[in-house]
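Using the sequences and the hints, build the whole thing.
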Amino acid sequence: MNVVDMEAMRETAEQDYEDKARIRDQEISYYQDKRSEMGLDSTERLVKYLPNPGHLLTRGIIYAHKDFEQIVSANVQRKPWAVVSGLNPSGPLHFGHKAVFDTVLWLQQMGATLVQIPLTNDESYLTGKSASLAEARRIAYEDVIPSIIAMGFDPERTQIYVHSDYKDLYNLAIHFSKGLTYSKVRGVFGLQPSDNPGLIFFRGAAQLASILLPQLPEFGGLKPSVVPVGIDQHPYILLSRDVASKFDMIPPAELIMKFAIGLGGPGVKMSASQPDTAIFLTDSPKDAQRKIKRAFTGGSPLASMQREKGAIPDVCAVCSLLTYNFMTDEEWRTYLDRCSSGDILCSETKKIVSEYVADYLSDHQRAREKAKAHVDDFILKTPLNSVLDVKFHAR
Amino acid sequence: MNPMRNVALERPEVQVKLNELLNETLVVEHSPIADIEDRIKRRQQDQGAVALLYGETYDTLGNTIDSLKYYLFIGRLAAVIASQYGCSVQPNILVADIAACRNFAEDMHEHLMAVGQDRCAFAKLVSSLYGMNLNVILMSEFLHTTSFQDRLEKVSQLCLGNNELEKWLEQTVPESKVETERAKGFQYALEEITTIIEMDIKVGPPREIFYDEPTRMLSQLLGYDPLLPVYLTPTYPLGVQFDYFLMNLEVEKYGVTAYKAGSKGMQNHRIIIGKTSPRDAAKLLQESFLPTNPQLPNPVLDIALIAEMARQGLDGRVAPIDLPQRFYTGDMSEAQLREHAIRSVQAFIIEPLAASLP
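Top to bottom, those sequences are chains A and B.
Using this note's numbering, the letters of the first sequence correspond one by one to residues 1 to 395.
Using this note's numbering, the letters of the second sequence correspond one by one to residues 1001 to 1358.
If you are wondering where the hints come from, they were derived from the structure by calculation, not from laboratory data.
Watch out, some of these pointers could steer you wrong.
To be verified - Computed cross-link-like contacts, SDA-like style, restricted to lysine to any residue with a CA-CA straight-line distance of at most 20 Å:
#1 B:K1275 - B:G1265
#2 B:K1264 - B:E1250
#3 A:K48 - B:G1330
#4 A:K48 - B:L1249
#5 A:K48 - B:P1324
#6 B:K1253 - A:V47
#7 B:K1283 - B:D1243
#8 A:K48 - B:P1291
Claimed, not checked - Heads up, incomplete: computed chain A residues facing chain B, CB under 7 Å, no partners named:
#9 Y49
#10 E69
#11 V72
#12 S73
#13 V76
Yeah, the Cβ is synthetic: ideal placement off N, Cα and C, and Gly gets one too.
What follows is the structure, given as structure tokens:
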């Protein structure tokens, strides 16, 4: 390579570094701005006080909250509290979903007395992510539930349900829908005239019913509950808090999580419909390794420049996998410091992360196979009689 | 163990230097050490006395163990200054009976004034039992004197109408009460400032910065030496877990009011001398939050420190206190510290005071 080529490459690499630094700064201010804009609290004090804050809190992945103190208080006083977190099934789980369920599992290990995981196949169908209710239902039972169970949830305290199969929920949805107006639902969810009425019903009613379900008499009655969500879902929680107050229930708390960086880099979310943006929990270790090899990193195209300037782990999809999933806090901090200082090149990080991911996938897939036999132990079957009981409405 | 030994030593054996005392971890939160040393040296040259003050109001729920922290600390400070610099020191404890009445309806005032007398007697008893020479004074004894009223008038004239000073005065009360206090001409705050303005060193909880700062500003205008505030660490309620502090940011930051047993409605979570039994005190300490992170409120350690100051007072000495270091470096386990606090409170505070109280 001649001197001119080298200089051009160096210039490109300089530009690349500046671009990545700018993206990092934008990401930092995005989350900070959103937090203050939405009146959410920082998690710093939670990290200080909680006896086992867990890596998702200590590494700033769960970075904001609303009313989580009431959960902590219920937990310290050994009073019941619940966690609600679900998803719309449209394919196998990926590492983005794993972060959410890791949070739910951490909350269960902290002492949550009830975890409910609604799988909204109605939403998958209504939003067009799935061709039919039946297809989304199949995905829920065959792909999603075994993976969730394999993560280690306690069957005594975990209830999973697929919306289509827990039909009583729709009665509850009708009940809560009276706490809202169409214009409010439209304002929060940005519904379009072209949206189908089913979607309006799902957003404005069925989803709320899932969030408030743990507070029904069938599940022990009123209790604090928490919903781990991404910042984009905060308005939904606000809506459910509003409805909870109207129905004399306890407004749910929320934990806000940062989005894991998709393999294509910041701004590209992990998506089931774009297989190369995510590592799925059903991927073979070899496929995962291939995806990691091609993933966007925070490093420089020039090794010499990376050694000199260091990498920018905050925008790196591979470091994001590390941050969300692996190493002890101390090892992770040291590793990212070495990454930032240029001590480690991206190829090495990719190799290390590939090994971690491969180990995890092997273990998970083994556990997933075993979990298939236990799906029924987790399925919520409790009939919802209270909603049709006149005493319930007389409250 | 005889808790009554060496009672009321006039001159305790001092084994600690002023800068060490003022740097005592988890006893002192902030102190302007260099300024204090300069002030002492000046008083030495003038052959004047170094005037120390700790002032407190009260409610009707009793004398807290946390007031003792201030009595004992000011006694230790006086002993160290006298021993290290050989100068005269006047450690004052002000029982603000008139101010206490202002927080209650008028039909309570007679009772409150009597409570003030009792509190005065209690402070004198503590002074004598732990070998200190505290000068305990009631606010009602000097508030109506001409000299105080003259000074109050000057202070009021300078404060009211001065935007910066008024902003400080506003911060002495909760936001909801600012307008009520303004209507009363910030009487409470102005009397407090007038009381402390002639002092050299004032010992108090961190929240008193809202009185101390305007006082320092006024000192310059009135030609006094500026007040030097020493803030002790906040007082925390006992028998509550970390969730209480997590939910009460203000208590985490400033604590509860040391000298008011009913501060924040937490009277059942305080050790009240003569009321809380040793068994209840032990239960409170047993059930208190005890973190190993020194940045978090540690009510158990705070009580252990008060008890240690009391023990030294009974022994007639002022020595370094190494409990925080021992605990935070792991030399002392959580269980050991809890046990130590329970035993020390009983042996050096509850029992000797019970034996001396009328």
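Going down the list of hints, with the structure as the test:
At roughly 16 Å between alpha-carbon atoms, K1275 of chain B and G1265 of chain B fall within 20 Å of each other, so this suggested pair holds. In summary, the hint linking K1264 of chain B to E1250 of chain B is supported, as the alpha carbons are separated by about 10 Å, within the 20 Å threshold. In summary, the hint linking K48 of chain A to G1330 of chain B is supported, as the alpha carbons are separated by about 19 Å, within the 20 Å threshold. For the suggested pair K48 of chain A and L1249 of chain B, the alpha carbons sit about 13 Å apart, so the restraint of at most 20 Å is met.
As the CA atoms of K48 of chain A and P1324 of chain B are separated by approximately 19 Å, the hinted pair is consistent with the 20 Å bound. Straight-line distance between C-alpha atoms of K1253 of chain B and V47 of chain A comes to about 17 Å, which keeps the hinted pair within the 20 Å bound. Taking the CA atoms of K1283 of chain B and D1243 of chain B, the gap is about 18 Å. The hint holds against a cut of 20 Å. Between the alpha carbons of K48 of chain A and P1291 of chain B the distance comes to roughly 10 Å, so the proposed pair stays at or under 20 Å and holds.
Because the closest C-beta pair between Y49 of chain A and chain B is about 5 Å apart, less than 7 Å, the hint holds. A cut of 7 Å between beta carbons decides the hint on E69 of chain A: the least distance to chain B is about 5 Å, and the hint holds. With a cut of 7 Å, the hint placing V72 of chain A at the interface with chain B holds, because the nearest CB-to-CB distance is about 5 Å. For S73 of chain A, the interface hint holds, since its Cβ comes within 7 Å of a Cβ in chain B; the closest pair sits about 4 Å apart.
Restraint check, V76 of chain A versus chain B: the minimum CB separation of about 4 Å is within 7 Å; hint holds.
Violated hints are absent here; each numbered hint is respected by the structure.
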